[in-house]
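A.B. asks: Chain by chain, the residues run as shown.
Number of protein chains: 6
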Amino acid sequence: MSPIDLPDVFIHSHALVESPFIGAGSRIGAFAHVLPGARIGQDVDIGDHALVDGQVQIGQRVQVRPGAQLWAPLVVEDDVRIGPNTVFSGPAGPGAAGCSKVGAGAVIGANATLRFGLSIGPRAQVQDGAVVTRDVPPHAIVSGNPAHIVGYADTPHLDLPVAPRAASQLAAPPVLNVATARLVALPKIVDLRGALSFGEIGTHLPFTPQRFFMVYDVPSKEVRGEHAHKACHQFLVCVKGSVSVVLDDGRARDEVTLDSARMGLHIPPMVWGIQYQFSPDAVLLVLASDTYAADDYIRKYEDFLAARGLPGR
Amino acid sequence: MSPIDLPDVFIHSHALVESPFIGAGSRIGAFAHVLPGARIGQDVDIGDHALVDGQVQIGQRVQVRPGAQLWAPLVVEDDVRIGPNTVFSGPAGPGAAGCSKVGAGAVIGANATLRFGLSIGPRAQVQDGAVVTRDVPPHAIVSGNPAHIVGYADTPHLDLPVAPRAASQLAAPPVLNVATARLVALPKIVDLRGALSFGEIGTHLPFTPQRFFMVYDVPSKEVRGEHAHKACHQFLVCVKGSVSVVLDDGRARDEVTLDSARMGLHIPPMVWGIQYQFSPDAVLLVLASDTYAADDYIRKYEDFLAARGLPGR
Amino acid sequence: MSPIDLPDVFIHSHALVESPFIGAGSRIGAFAHVLPGARIGQDVDIGDHALVDGQVQIGQRVQVRPGAQLWAPLVVEDDVRIGPNTVFSGPAGPGAAGCSKVGAGAVIGANATLRFGLSIGPRAQVQDGAVVTRDVPPHAIVSGNPAHIVGYADTPHLDLPVAPRAASQLAAPPVLNVATARLVALPKIVDLRGALSFGEIGTHLPFTPQRFFMVYDVPSKEVRGEHAHKACHQFLVCVKGSVSVVLDDGRARDEVTLDSARMGLHIPPMVWGIQYQFSPDAVLLVLASDTYAADDYIRKYEDFLAARGLPGR
Amino acid sequence: MSPIDLPDVFIHSHALVESPFIGAGSRIGAFAHVLPGARIGQDVDIGDHALVDGQVQIGQRVQVRPGAQLWAPLVVEDDVRIGPNTVFSGPAGPGAAGCSKVGAGAVIGANATLRFGLSIGPRAQVQDGAVVTRDVPPHAIVSGNPAHIVGYADTPHLDLPVAPRAASQLAAPPVLNVATARLVALPKIVDLRGALSFGEIGTHLPFTPQRFFMVYDVPSKEVRGEHAHKACHQFLVCVKGSVSVVLDDGRARDEVTLDSARMGLHIPPMVWGIQYQFSPDAVLLVLASDTYAADDYIRKYEDFLAARGLPGR
Amino acid sequence: MSPIDLPDVFIHSHALVESPFIGAGSRIGAFAHVLPGARIGQDVDIGDHALVDGQVQIGQRVQVRPGAQLWAPLVVEDDVRIGPNTVFSGPAGPGAAGCSKVGAGAVIGANATLRFGLSIGPRAQVQDGAVVTRDVPPHAIVSGNPAHIVGYADTPHLDLPVAPRAASQLAAPPVLNVATARLVALPKIVDLRGALSFGEIGTHLPFTPQRFFMVYDVPSKEVRGEHAHKACHQFLVCVKGSVSVVLDDGRARDEVTLDSARMGLHIPPMVWGIQYQFSPDAVLLVLASDTYAADDYIRKYEDFLAARGLPGR
Amino acid sequence: MSPIDLPDVFIHSHALVESPFIGAGSRIGAFAHVLPGARIGQDVDIGDHALVDGQVQIGQRVQVRPGAQLWAPLVVEDDVRIGPNTVFSGPAGPGAAGCSKVGAGAVIGANATLRFGLSIGPRAQVQDGAVVTRDVPPHAIVSGNPAHIVGYADTPHLDLPVAPRAASQLAAPPVLNVATARLVALPKIVDLRGALSFGEIGTHLPFTPQRFFMVYDVPSKEVRGEHAHKACHQFLVCVKGSVSVVLDDGRARDEVTLDSARMGLHIPPMVWGIQYQFSPDAVLLVLASDTYAADDYIRKYEDFLAARGLPGR
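Protein chains in written order, with the numbering used here: chain A, 10 to 322; chain B, 10 to 322; chain C, 10 to 322; chain D, 10 to 322; chain E, 10 to 322; chain F, 10 to 322.
Treat the hints as calculated values from the structure; they're not laboratory data.
There could be a bad hint or two in this list.
As the list makes no split between identical chains, a pair holds if one copy fits it or if it spans any two.
[To be verified] Calculated lysine-lysine pairs in the BS3-like style (CA-CA distance at most 30 Å, straight line):
| id | residue 1 | residue 2 |
| --- | --- | --- |
| 1 | K110 | K249 |
| 2 | K197 | K249 |
| 3 | K309 | K197 |
| 4 | K110 | K309 |
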């Protein structure tokens, strides 16, 4: 039935394949349609009723489950799984710019919808039925309509000890997987006039701050941070409410929920940091070792890995 | 009727004066009772039915209105006015320690009640019917049952311009009466991910911080601060809610309500500072130029005035 | 000076004692007045300017501090302390029944006020400046204005271990005492899109409105209104929250709490109207039969009574 | 493969077309199935794997993207776009009445689900993944599960000036695109007793009200209004909270957010009005120039356009 | 086109059927794919483009609408309807255990997504676009992303009379369909000190309680109960907030919303009970006639029907 | 003693009267002082220790209770009652304008304070201890510090018809001083479906309940309980919020704050119990061993002590 016959590719008798660029060991299911110009790697499985648009590029060992629709421009990296009936929308009109991209190892569930032009980061997870309207960072798990980040894959969550009611010194905080980062217990003084937490250079702060900033009024579903610094140290204290912080040095990962003005978190340079799950009343104080310098920021995870001499994932 | 006759003192024929230590020009009203040992200065007016306990010391030009009761140990400085039927309680029992004190120029209203052993600061104002259960700082105005601080006398309140909805740079903030202190507009960045305010050394911060502290969960009627530093600079930002700050260099005074993360307040050394009227959700960030040193604090207003070479008031 | 001389009692030369029933070891201060018939136990101290009414009964070892007034009928048991300028009120009128009583060991602070007929339980504590309007149970500590229970004396506090609406037509509203005013049930329509109340001329509104106004953000303890109109009709609807309205035609009076958008209140001319007890969220809509005319307002109650041909009260 | 061959229609060799009623220039994709009786206009594109039920009527220049399912009874007007894998449900059972309808120019996203029997208005937009359970008005943009209105297409939003803190007269409000409608600044009086806004005939109100109604307790996702009046004028004031109002005279459109009791909006007859995005605390007062008359309402947008002598869109 | 031809089954010429286990009277639509090993009962309708995995078992009279995907292991009982483009996910990886199951008479809407391994109870309803991540109990209606219970099918909701403000006795409550259960009006006493509701044995309580429990802090979308007792009586009172209770004796069903401390509900043994739609502040008091005995609980609905001698549904 | 003798006026021998303008039938008490120029009407009673300033005008049948101070300028109309130790302040300084005024029939309580220049309306009531800082309207009843309107005298109120955190076993609780009472730890089970606490006879409950009641909506300053039972046992659990309970067997006392559904309190007969400090959301469940019997209650503490064979305190 298909006009093209490829010796190392299994093409179902009821499939319609119009592109010759399909890698060895791949398989095209019944009623599937691969349009002219599509480029598919080795050991890829295209399910029944699936549709692969021309100009779509698919890596190796990718699974495209039945009924899924992949519209160009779209690049799917290696080892990705795309669930049944999931749709990658194409551009809204003829002149629309952009290109959708799915990073290596990402998993997309069933019946998901991905708006055109988005980037799904490596090892990210899009859950069943999610309607994705914004870029998904590496490792992030997203869910819902519209989709928002509900967690990070491959990231152990560290449970901090509950601060006792009495205002005495907190026990030594736990050690992090990311070895250069450190949790620092801060003194808290409570009297009839309210509560006060503080930190001093040397004792608590490993650097002299040249800059401070305060983050607040963050919608609960928003993510802040998602970058690393080349040289700048940061010290985070969540004065009110709570916020979850993900740390990643390219090898080890941690997630810790800051929910006490008695706990500081020192993030040294060359550690990828993410802040999310802000409570409605969260106020996050950040002290920084340097004044603002745009070129101190590494904003792409792959650049961060490269800067650390690690392979992209 | 009185067993003692003092030539330069007007003693009403129906008064009962048992102390000879009364200054010239003073006047004792009908049915008033001055007990043995009381010491009263010049030009003092003791109203009808008033009672002055032995060992009470009263300065000059003091008015004690009818029916007021002054129980020892109590020291009343010059130029104080004490309202009708107001009571300074004596000690609760025979062994109770302490001494009540009223600073120069203070004004106490009618029917007020002052618990034993309290200190009413110079130029403070206790309003009618107030039930005073704690020390009243200099210049403070207190009211209610129990009394709390509702304002500061002789202190102009500075109205800050309303921050516009758009997140652009604030207009130059107003100049303060206390010439060494300064309001500093801070940049604020608002995007879909929430709000962020920041400050940097040089541009906004006139010193390099060695310490930070965060004040929160302050009951609305409480006062914090009420001290000056000998050498330490402070920089205040009210990240959430609002707080009123009173500044005093011994000559000029200011009150300003901080209610925006876009406004910093630099308090240099040798300026008396008071923080009060915290809103329930207030979070105040303070950056300090020095690590903690107990002897950098001047905690008594009279010591502060002395250190500035100014006469006590 | 006192007509009575008791050998075992110290009576100050300026005291006025008219009762012979005073126990041995007691002491009466200067300008104090003990009325005929008062019965005072042994070792009692009556301070200067104090007043003890006839028929008052005082036990033993009681201290009555200067300026205190004890009005009959009153029974004070043993070992009570009554603070300076504190008043036990007598009955409000000649026929008022009841008797005030202070239980043994109770302590009353300075400048306190105790309404007639109350019972202060044994060992109770009335704090300085408290205005006591209800019985005080045994051991209770009361404070404030009005006084309320803040704790129990002699009672160890045990610390527990820490662990963690058919929107059909309303029935006919009641008839008011102020005969010319009228409550009007308004239709309300509720559907999935929210609630809607309405009124039309003829059916609900007895006049054609020429003006509307909306009242909101009223502090709960504030009063609005307090006037009558000569010619203008008003129609009030409390759309949100609640407000109490007082009506007065000079003879009859009503108070009604409006708390539903389904209830309108027609206030005709020549009815004195008061609005008070606004809930924090109250929104009051007023429709008026005339445009604003300053001389249509009668703002003084006496003028209102005169205008109605009624004597001032 | 298809039993029917139509000269001016491109039918893919793997498509299954069982209806002859397909207009010239149309195109049927691979694995698509058009059932007997379906009627399809000119220049229509039916994507791969799509299913068009018998008795479905499709206008001209319509795009039906791959995998979409259109179940009868359903009428799709001209220039509509229906996204991939989107489903128009059929009736729940054999006897179910009704017909689904999509107005001209509407855009339906990917993976959307539309319950049977709904009407999607002309130029409306259903976003990706939306689950539509109620009619969508003309121009409305809907999103979510269940879907609700998030905006209106082709409607410029007018930013009102921020009301200053001081209670002086507001600057002249901006002019609307809908020329017969008018924004009216209202005086506001604030004193210690709260706030009061008012309006009078002549000065602020261009008509004499015969009826008032108050709208409140509106769920934030609900829409009210969506009609025009033939003769009745309306005057809207949002006393508390905020509400967005869309105006449309058939040629020009406006959206304005009313959020101040100091701003009235006069909507004259023959202007289509929509109210939505009520804040939880919103209270909207409406004064109307006429008593209620059911036949004064135009409740269908196409009737409104016809009444204005304009072509349907 | 299909390799298998079955005399009593209608297989569309464009369908692909690889399993011989299909019951008489069934129908397989165009472009549908039934994999080897699938077992399909009689009178089943498999729509166009549908996909039935090998090892899937389907009962009789089941409708699988076009584009639906049924992945093994999965058992679909008789009389089920599965909507268009709906996906039953397969296991996430090769070693994943479990089996999805859909009970008899269940209805699944369009574009729904069902995570692998879930059980959908008999006669349950999954609404359009629902993303089902947890088991769905018998009769339950679920909706949303993620899906939660919004009601129960075949269950009449009983409207209770509104409790009047005055604290007099409530009118006799309505009679329930489940004849052995009973609503009981409780007296309520309100005074200045708050509100009090009570019940007594004989008058209100039909048994002597041996155990009580209190349910609170229930997330609004959670369901509690879902069981029957063999011998234990229960008496429910919702002291604060509201909760909906579903009763089922295997023949008749009731749903009643308890929202008043004045209404008790007696649930006798051998009645299936469900509690859901707790308001955030709901506090439910339950009195039980017996102490806790694990074997008194019937936790599976089919066991309950069997114990009552009724056929499974 | 007084320099002026007026034939129709009773002047106490210890009074000091310096004004001749006193009406017939009036009476001046001991130690009272009427200054030159005061004008007093007929049948006026000036109490002991009272002070009437010169230029004060008092009407007829006025009562000025002992210790009251009336400072000029002040006009007191007929039939006014002014309570003991109440003070009308004079002007704050020599140039202050204004005049205080008390309308006919007004009643001022004891120890009240009235700021200078205010008008107290006819028949108004100023309650004991009130600190009046604003005009008081006719008929208004004011109370508090500062005083506010709490009602209107002579005004019937019309009642409108109703319109529409590890959940393991707790450690053994502490032993109480009141030996017969007992705290009982209750198990609590928390899962994703919310929280559940329970108690059983024998294990937790020392009696079989015949009655239950639930207390809620208690104003925070109110006290419930304050009684003992002759025969009835009670078991208290605070399901939501918190409440403090005081226990007293006539010899020993305890106070315990119940704030967890995991803690029950058994109060046996013949223990005096008090409940106070209810949090706004408190829900207290009480199980009782007997049905209601009015004569089982001992409502007076002295009766309770007598019933226990103990002397009154």
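A.B. asks: So, for every hint listed, does it hold in this structure?
C.D. replies: Here is how each hint holds up against the structure:
1. In this assembly of identical chains, the alpha carbons of K110 and K249 never lie at most 30 Å apart, being 38 Å within a copy and 38 Å across copies at closest.
2. For the identical chains of this complex, K197 and K249 are neighbours both inside a copy (13 Å) and across copies (19 Å), given an alpha-carbon limit of 30 Å.
3. Proximity of K309 and K197 under a CA criterion of 30 Å is satisfied inter-copy only: 24 Å between copies versus 37 Å inside one chain copy.
4. In this assembly of identical chains, K110 and K309 lie within 30 Å of each other by CA distance both inside one copy and across copies; the values are 14 Å within and 15 Å between.
The earlier numbered hint that this structure contradicts is number 1, and it is the only one.
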